[in-house]
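Please model the complete structure; the sequences and the hints are all you need to start from.
Each chain, letter by letter, is given below.
There are 2 protein chains.
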Amino acid sequence: MTDSWVNSAERIGADLHLELPGPGGRRAALTRALREAVRSGRLAPDTRLPPYRSLAADLGVARNTVADAYAELVAEGWLTARQGSGTRVAAGVTPPPGRRRRDAPAPVPEKAASRARGARHDLRQGTPDASSFPRAGWLASYRRALQQAPNEAFGPGDPAGRVELREALAEYLARARGVRAEPGRIVICSGFAHALRLLFPRVLRGPLAVESYGLGFHRELLAGASVRTLPLPLDEDGAQVGALGRERAVLLTPAHQFPTGGPLHAERRAAVIDWARARDGVILEDDYDGEFRYDRRPVGAVQGLDPERVVHIGSVSKSLSPALRLGWMVLPERYVDAVLDVKGEREAWAGVLEQLALADFIDSGSYDRHVRRMRQRYRGRRDRLVTALAERAPHVEVTGIAAGLHAVLRLPPGTEGQAVEAAARRGVALDGLAVFRHPEAVMSAPDGLVVGYATPAEHAYGAALEALCGALPPG
Amino acid sequence: MTDSWVNSAERIGADLHLELPGPGGRRAALTRALREAVRSGRLAPDTRLPPYRSLAADLGVARNTVADAYAELVAEGWLTARQGSGTRVAAGVTPPPGRRRRDAPAPVPEKAASRARGARHDLRQGTPDASSFPRAGWLASYRRALQQAPNEAFGPGDPAGRVELREALAEYLARARGVRAEPGRIVICSGFAHALRLLFPRVLRGPLAVESYGLGFHRELLAGASVRTLPLPLDEDGAQVGALGRERAVLLTPAHQFPTGGPLHAERRAAVIDWARARDGVILEDDYDGEFRYDRRPVGAVQGLDPERVVHIGSVSKSLSPALRLGWMVLPERYVDAVLDVKGEREAWAGVLEQLALADFIDSGSYDRHVRRMRQRYRGRRDRLVTALAERAPHVEVTGIAAGLHAVLRLPPGTEGQAVEAAARRGVALDGLAVFRHPEAVMSAPDGLVVGYATPAEHAYGAALEALCGALPPG
Numbered sequence: 001m002t003d004s005w006v007n008s009a010e011r012i013g014a015d016l017h018l019e020l021p022g023p024g025g026r027r028a029a030l031t032r033a034l035r036e037a038v039r040s041g042r043l044a045p046d047t048r049l050p051p052y053r054s055l056a057a058d059l060g061v062a063r064n065t066v067a068d069a070y071a072e073l074v075a076e077g078w079l080t081a082r083q084g085s086g087t088r089v090a091a092g093v094t095p096p097p098g099r100r101r102r103d104a105p106a107p108v109p110e111k112a113a114s115r116a117r118g119a120r121h122d123l124r125q126g127t128p129d130a131s132s133f134p135r136a137g138w139l140a141s142y143r144r145a146l147q148q149a150p151n152e153a154f155g156p157g158d159p160a161g162r163v164e165l166r167e168a169l170a171e172y173l174a175r176a177r178g179v180r181a182e183p184g185r186i187v188i189c190s191g192f193a194h195a196l197r198l199l200f201p202r203v204l205r206g207p208l209a210v211e212s213y214g215l216g217f218h219r220e221l222l223a224g225a226s227v228r229t230l231p232l233p234l235d236e237d238g239a240q241v242g243a244l245g246r247e248r249a250v251l252l253t254p255a256h257q258f259p260t261g262g263p264l265h266a267e268r269r270a271a272v273i274d275w276a277r278a279r280d281g282v283i284l285e286d287d288y289d290g291e292f293r294y295d296r297r298p299v300g301a302v303q304g305l306d307p308e309r310v311v312h313i314g315s316v317s318k319s320l321s322p323a324l325r326l327g328w329m330v331l332p333e334r335y336v337d338a339v340l341d342v343k344g345e346r347e348a349w350a351g352v353l354e355q356l357a358l359a360d361f362i363d364s365g366s367y368d369r370h371v372r373r374m375r376q377r378y379r380g381r382r383d384r385l386v387t388a389l390a391e392r393a394p395h396v397e398v399t400g401i402a403a404g405l406h407a408v409l410r411l412p413p414g415t416e417g418q419a420v421e422a423a424a425r426r427g428v429a430l431d432g433l434a435v436f437r438h439p440e441a442v443m444s445a446p447d448g449l450v451v452g453y454a455t456p457a458e459h460a461y462g463a464a465l466e467a468l469c470g471a472l473p474p475g
Numbered sequence: 476m477t478d479s480w481v482n483s484a485e486r487i488g489a490d491l492h493l494e495l496p497g498p499g500g501r502r503a504a505l506t507r508a509l510r511e512a513v514r515s516g517r518l519a520p521d522t523r524l525p526p527y528r529s530l531a532a533d534l535g536v537a538r539n540t541v542a543d544a545y546a547e548l549v550a551e552g553w554l555t556a557r558q559g560s561g562t563r564v565a566a567g568v569t570p571p572p573g574r575r576r577r578d579a580p581a582p583v584p585e586k587a588a589s590r591a592r593g594a595r596h597d598l599r600q601g602t603p604d605a606s607s608f609p610r611a612g613w614l615a616s617y618r619r620a621l622q623q624a625p626n627e628a629f630g631p632g633d634p635a636g637r638v639e640l641r642e643a644l645a646e647y648l649a650r651a652r653g654v655r656a657e658p659g660r661i662v663i664c665s666g667f668a669h670a671l672r673l674l675f676p677r678v679l680r681g682p683l684a685v686e687s688y689g690l691g692f693h694r695e696l697l698a699g700a701s702v703r704t705l706p707l708p709l710d711e712d713g714a715q716v717g718a719l720g721r722e723r724a725v726l727l728t729p730a731h732q733f734p735t736g737g738p739l740h741a742e743r744r745a746a747v748i749d750w751a752r753a754r755d756g757v758i759l760e761d762d763y764d765g766e767f768r769y770d771r772r773p774v775g776a777v778q779g780l781d782p783e784r785v786v787h788i789g790s791v792s793k794s795l796s797p798a799l800r801l802g803w804m805v806l807p808e809r810y811v812d813a814v815l816d817v818k819g820e821r822e823a824w825a826g827v828l829e830q831l832a833l834a835d836f837i838d839s840g841s842y843d844r845h846v847r848r849m850r851q852r853y854r855g856r857r858d859r860l861v862t863a864l865a866e867r868a869p870h871v872e873v874t875g876i877a878a879g880l881h882a883v884l885r886l887p888p889g890t891e892g893q894a895v896e897a898a899a900r901r902g903v904a905l906d907g908l909a910v911f912r913h914p915e916a917v918m919s920a921p922d923g924l925v926v927g928y929a930t931p932a933e934h935a936y937g938a939a940l941e942a943l944c945g946a947l948p949p950g
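Keeping their order, the protein sequence lines are chains A and B.
Letter 240 of the first sequence, counting from 1, is numbered 240 in the working numbering, and no numbers are missing.
Residues are numbered in the working numbering as their position in the second sequence, beginning at 1, plus a constant of 475.
Calculated from the structure, these hints are not laboratory results.
Keep in mind the model is a prediction, meaning the values are calculated, not measured.
Glycine residues also receive a C-beta, built at the ideal position from the N, C-alpha and C atoms.
A few of these clues could be false.
What the hints assert, rightly or not - Computed Cβ-Cβ distance ranges for the label pairs, DEER-style: (1) A/G344 / B/A611: 56 to 66 angstroms; (2) A/R369 / B/R703: 51 to 61 angstroms; (3) B/G659 / A/G344: 22 to 32 angstroms; (4) A/A91 / B/A649: 31 to 41 angstroms; (5) B/A537 / A/E333: 23 to 33 angstroms; (6) A/E267 / B/P526: 36 to 46 angstroms; (7) A/S226 / B/A649: 36 to 46 angstroms; (8) A/G224 / B/A566: 47 to 57 angstroms; (9) A/A44 / B/R703: 30 to 40 angstroms; (10) A/R375 / B/R859: 52 to 62 angstroms; (11) A/E397 / B/E511: 52 to 62 angstroms; (12) A/E333 / B/G720: 39 to 49 angstroms.
What the hints assert, rightly or not - Derived list of chain A stretches under chain B, where covered just means 3 residues or more per stretch with a C-beta under 8 angstroms from a C-beta of chain B: (13) 54–61; (14) 130–141; (15) 144–158; (16) 342–349; (17) 439–447.
If you want it as C-alpha cells, here you go:
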C-alpha cells in the first residue's frame, strides 16, 4: 500500500479489498473501509476524496451511497466538507495510538478527540449520555453480584433469565411504570431487537401494525423475519388505533411516540385494549424511554390495563447504557413457554453476571438514583435546546419535548433535506423525519429534524446547539 | 390450588395452566411445570406421581416426553425413582427460600443442595466446573476495564466487538491455538450458536456437511435456518472428509471430535483444506475445548493451514463460564463485511463491558493461568474416572480421554439405553451416544455413555463416580 494511492480514487476498490455485500450493507461497508483508511493513515490528512459520482461509478454503487458514507464520516470528524473545497480527510486526524496497555492511561477516545477538534456534534437520537455512566455504582453492584452469586450461576443459565433480576424488575416496573409483572412472566433478553426476534415469526405472526414513523431498523428486522408491517397514521393523540384492520398484533410506543414525541391518548389506550380483546390480538409496547418524563407524572404502561393482551418490552439501553445488552419482556402467560422454547434450553444471549449486577443495582436503589440524576440532566439539556431555538430560530416549532432524549423541530415544507445537509456541513450529525417514515405510510409527511440531545459531552453541548441553529432554514 | 391436587394426575393440565407449545418444547414445558409444582410445595414430598402412560394420555403428549421429564427431574433431585415404588417427590425438597437480599448470605444453591442430599450427580457433558470460576481475577479485570474504558465504550458498540478484545484474542489464539488471526478479521459474538446464526443463511448456505455425531441443538438450529445437514462418517482418524460431496461447507470439531473424542488426523486436515480450495468451500472449525489437552501438545487449529478457507469459532463457555456469553469468529477476509452486515449497525448482543474485561483478563495473563489450573484439575478428574473404571468395570473401554471435559465409555451392543436408565435410577444424569447421532447417519451406531467429568463439585465427584460404576452393565 503506497502513499500514491491516496489520490487515486480508482484504487479504493482494489487496494482496500473492498467486497461490498448485498443491498443494505454497502453504505456501512464503504463507511467502514474509508474510516479504516483514514485511521490507519493510508489516507493522509487533507487528502481530497474523489467526487461522489466518480467513486460511485468505480464501485458500482449508487451516488447516494457514497454521499451518505462521506456525510457520516464528516459527522464523525474523519472527513471535512467545505463548499468549493470538496470532501477532504480532516486535518487533525492522527495515526492510531498503539494498543492500549493495562497500565497505560486511557487514550483520548475517538469521539472526544473529534469533538475537541470541533468537527463533530452528534445529535443523532437513540443514545444516552455515555459520559454519565455510573461507573462506581455499577462496579459496586457487579462486585456484590460476583461475590454473592451461588456457584450454579457460573453454569448454564436459565433462558428466562436470573430469578433475582426478574424479581427486581417485577417490583421496579410495577412501581415506576405501572406494569403488572410477576417474575414468572418476565423473560430477559439482549434488548428490544432481540425481543422482536424471539417473538417473530415463531411465537407471533404478521402482519404487524406499526406506527407510520418508527425505527427503520425494526422494520428491516421484521421484514427479514418475513413479517409484513402495516403503517397506522399518527396524529396529536398518537397512533390512530381505530384504523386497525385484520392484523392480530400491533407495535406501539405509547409513552413517547418514536420519534414524533407525544404519548398515546388515554382514549386510544382503552380503544386498543378493546381491539385486542375483541380480535384476540396482542399489543407490543416498546417502552424505550418511559423513565424520562419531565413536565408531568410519568405515563404508565399500557400493559397495566390488561397484562394478558400486552407484551411490555424495555431495556437499559437508554436508562443506563446500550453497552450492557440487557432487556426484558413482560409476557402474557400464554406466550411464556413459547418464548422460552425459542430462546433455547440454556441462556445463550444475556450475560448472567451482568444480570445479577443489574438486580443488585435495582435492589440497592442505585438505578432509581441514576434515573433521577439523568432526568435532571436531560431536562436541563432539553431546556437549553428550547431556549437556543427561541432565541436563534423562533420560527421553528419544537415538539415532543415532554419526555425522552430527543425532540422534533418542525420545518417549513420542503426544507428538511437541505437542513440535514446544512447540518452535516457544520459537522452536525442528525436525521430528518423522512428516514423514520414507513415506506407505505399514507399520512402527510411533515418536514422536521429529530434532535437527540443526550449524546454530546456536557462541555460540547453549547457548540452543538450553536451549529444546529446555524443550519436551520431562515424564518 | 388445593393440596388434594397432588394425587390427581388429571388436574395437572388444568391447575398448572400448562399450555404446552408446539413440537419440540413439550418436554421442557412439562419439566418446568413439574419442577415449579415441587419447588412451590404444591407437590408435597413423597407424593407419588402418576405413571408415564396416564399423564401422557391426559396431556396428549408422547409417553417418552413424560418419561424424559421425570428422568430429568430425578437427575436434578426433585423426584426420586425406585423400582417397585414408582416416581415420587423427593423427601428432602424444602419450600423455596425467600428472595435473596443484598446483605443476606448467599443461599445454598439448588444444585449443591441436591448434591448434599445425594440425589444428584450431574455427569452431563458440556459445562465446566462452575465452582472454579476465578471470581477474584475476573472482578479485578472488570474493575480495570470499567475504570479505564473511554466514555465512548458506554455508547453504541461496534458490531465487530471491542478492538481491545479482538487484539487480545488475535495474540492469544495465535499463541495458544495456532490460529492466524488479525483483529480486523475477528467478530465477537455470544457463543457458538450465535456464530451459526450469523453465518446461516445470510452469509453461507446449506447443505452443510457435519460429523455423524454432534450436538442435536446445533442440528436443530441449522434446520430452523433451513440448512440441510449431511452427516459424514467418523472413524478413529476423525471425520471422513474424503466423503465430502457437492457441499460447499463443512462443520468439524478438529481438536477433539464431539462427542467421540479423537482429533482429526493430520492427513484428513490437509485433505479437507485441499477440498475447500478445489471446491471453493469453507470449513467451520468448532474449537469448543481446544485448550484442554492432557497427554501431549495441543493440536493446533485447522485454521492455521489456510485462514482464507476456515471460519474458526471459539468461546469462553468451556474455558471460563457459559454465564459470560462471549465468543468469537476468526473469518476469511471475504466474509467479514457480510457477517458485520448481518450483525447490524451496532452491537446488539455481546456485552461491551465484559468484552473489555475479557481483554484485560487475557492481556494480564489471568486467562492463561486459569486455563492451566483447570487443565490440571480436569486431568485429575479424568484420571480418577479412568482409575475407578479400571477397578470397578475393567470390561468397559474408556475413549476420548486425551482432551476435553468428557470421556466416552464404550458399552456392549444393545446396552446403552439400559445403562442410561440405570444411571438415572442412581441419580446420575448423563447421556448415551445415541442422542448425539445425526438422524441420517449411516455409519455403525456404537453403544456408549458420554461422561462429563467437569461439572460435579470437587467433594461430590467420588460419589458420582461410585454411582456411575454401579450403573454400568456387568462384564
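Broken hints, numbered, in rising order?
Of the numbered hints, 1, 6, 9, 13, 17 do not hold.
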